[in-house]
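Asker: Sequence:
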Amino acid sequence: MWSQFTCPHCGSLTAVPAQSADQQAFCSACGNKVPLPPSDRSPDFGPPARSAGMPAWAIILIIAAFVVPLVMVLLVAVVFVLIPMRVVKQHQGALTSEAEVHLAMFQSAAEMYRLDLGDYPTTEQGLDALLRPPADLPDANSWRGPYVDGDVIPLDPWGQPYQYEYPGQRDTNRPDIWSLGPDAVADTADDIVSWTER
1 MWSQFTCPHC
11 GSLTAVPAQS
21 ADQQAFCSAC
31 GNKVPLPPSD
41 RSPDFGPPAR
51 SAGMPAWAII
61 LIIAAFVVPL
71 VMVLLVAVVF
81 VLIPMRVVKQ
91 HQGALTSEAE
101 VHLAMFQSAA
111 EMYRLDLGDY
121 PTTEQGLDAL
131 LRPPADLPDA
141 NSWRGPYVDG
151 DVIPLDPWGQ
161 PYQYEYPGQR
171 DTNRPDIWSL
181 GPDAVADTAD
191 DIVSWTER
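Going by the numbering used here, the first residue of the sequence shown is number 1, and it counts up by one from there.
Just so you know, these hints were derived from the structure itself, not from any lab.
Careful: at least some of the hints might be erroneous.
Said to hold, decoys possible - Label-pair restraints from in silico Cβ distances: (1) Gln90 <-> Ala189: 15 to 25 Å; (2) Val73 <-> Met112: 57 to 67 Å; (3) Pro8 <-> Met54: 47 to 57 Å; (4) Val79 <-> Glu100: 51 to 61 Å; (5) Leu115 <-> Ala77: 21 to 31 Å; (6) Met54 <-> Lys33: 46 to 56 Å; (7) Leu115 <-> Phe80: 45 to 55 Å.
Claimed, not checked - The calculated SDA-like cross-link candidates involving lysine to any residue, where the alpha carbons are at most 20 Å apart (straight line), are: (8) Lys33 <-> Thr14; (9) Lys89 <-> Val73; (10) Lys89 <-> Asp191; (11) Lys89 <-> Asp183; (12) Lys89 <-> Trp158; (13) Lys89 <-> Leu180; (14) Lys33 <-> Pro8; (15) Lys89 <-> Gly159.
Since this is a predicted model, take the numbers as computed values, not measurements.
Each residue gets a CB set at the ideal place from its N, CA and C atoms; glycine is no exception.
Please take these sequences and the hints and turn them into a complete structure.
Answerer: Dropping the structure here:
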């Protein structure tokens, strides 16, 4: 864009680039240095620039709108995972305690049987000898049972029969009585036993 002015020395009309306004220029006709008149208009910078993004509070609000529900969902998920795990663990502990109570009951009953008959039931006679007199007893009158309550020997809390062996492998003077535990497999770490490891 060009600005035009009249040279005060020679009177000729001279054009200069608009960016030269408010400075000095040389007259194209006479070559004299001529002060330029002030620009009659201010530079055009266009409308005031707006921020390209959103205000900070809007960004924080949007983040909070997504993060808070996400955190809540994660907390609920953690609760739904941890609480059932704890309940299962407590339930397993209760089942183990129930098996330990049964083992103590069988041990007491086997001791009473031994006091009446002079020895513990054999492996073949098993725990049923605590409910009914075994058929192979030499003196059926010495059996004063039943030594446990109920009509049948209960299963362990995991639905398996309790194991009985006399003479025991751990102590040949006492019976070994045990539950196979939650995994129902013999000789594993979760077996519940009537003896203490020495």
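Asker: Does each hint hold? Answer for all of them.
Answerer: Verification of the supplied hints:
1. Gln90 <-> Ala189: 15 to 25 Å: holds (19 Å)
2. Val73 <-> Met112: 57 to 67 Å: About 59 Å separates the Cβ atoms of Val73 and Met112, which means 57 to 67 Å holds.
3. Pro8 <-> Met54: 47 to 57 Å: The hint (47 to 57 Å, Cβ to Cβ) holds, given that Pro8 and Met54 are roughly 55 Å apart.
4. Val79 <-> Glu100: 51 to 61 Å: Cβ of Val79 to Cβ of Glu100: about 31 Å, so the range 51 to 61 Å is violated.
5. Leu115 <-> Ala77: 21 to 31 Å: At 58 Å between Cβs, range violated.
6. Met54 <-> Lys33: 46 to 56 Å: Given range 46 to 56 Å: holds, Cβ gap about 53 Å.
7. Leu115 <-> Phe80: 45 to 55 Å: Since Leu115 and Phe80 have Cβ atoms about 54 Å apart, the given range 45 to 55 Å holds.
8. Lys33 <-> Thr14: holds (12 Å)
9. Lys89 <-> Val73: Cα-Cα ~24 Å, so violated.
10. Lys89 <-> Asp191: Distance of about 16 Å is within 20 Å: holds.
11. Lys89 <-> Asp183: holds (15 Å)
12. Lys89 <-> Trp158: Holds, at about 15 Å.
13. Lys89 <-> Leu180: Since the Cα atoms of Lys89 and Leu180 sit roughly 18 Å apart, the hinted pair holds (cutoff 20 Å).
14. Lys33 <-> Pro8: Cα-Cα ~10 Å, so holds.
15. Lys89 <-> Gly159: Holds, because 18 Å separates the two Cα atoms, which is no more than 20 Å.
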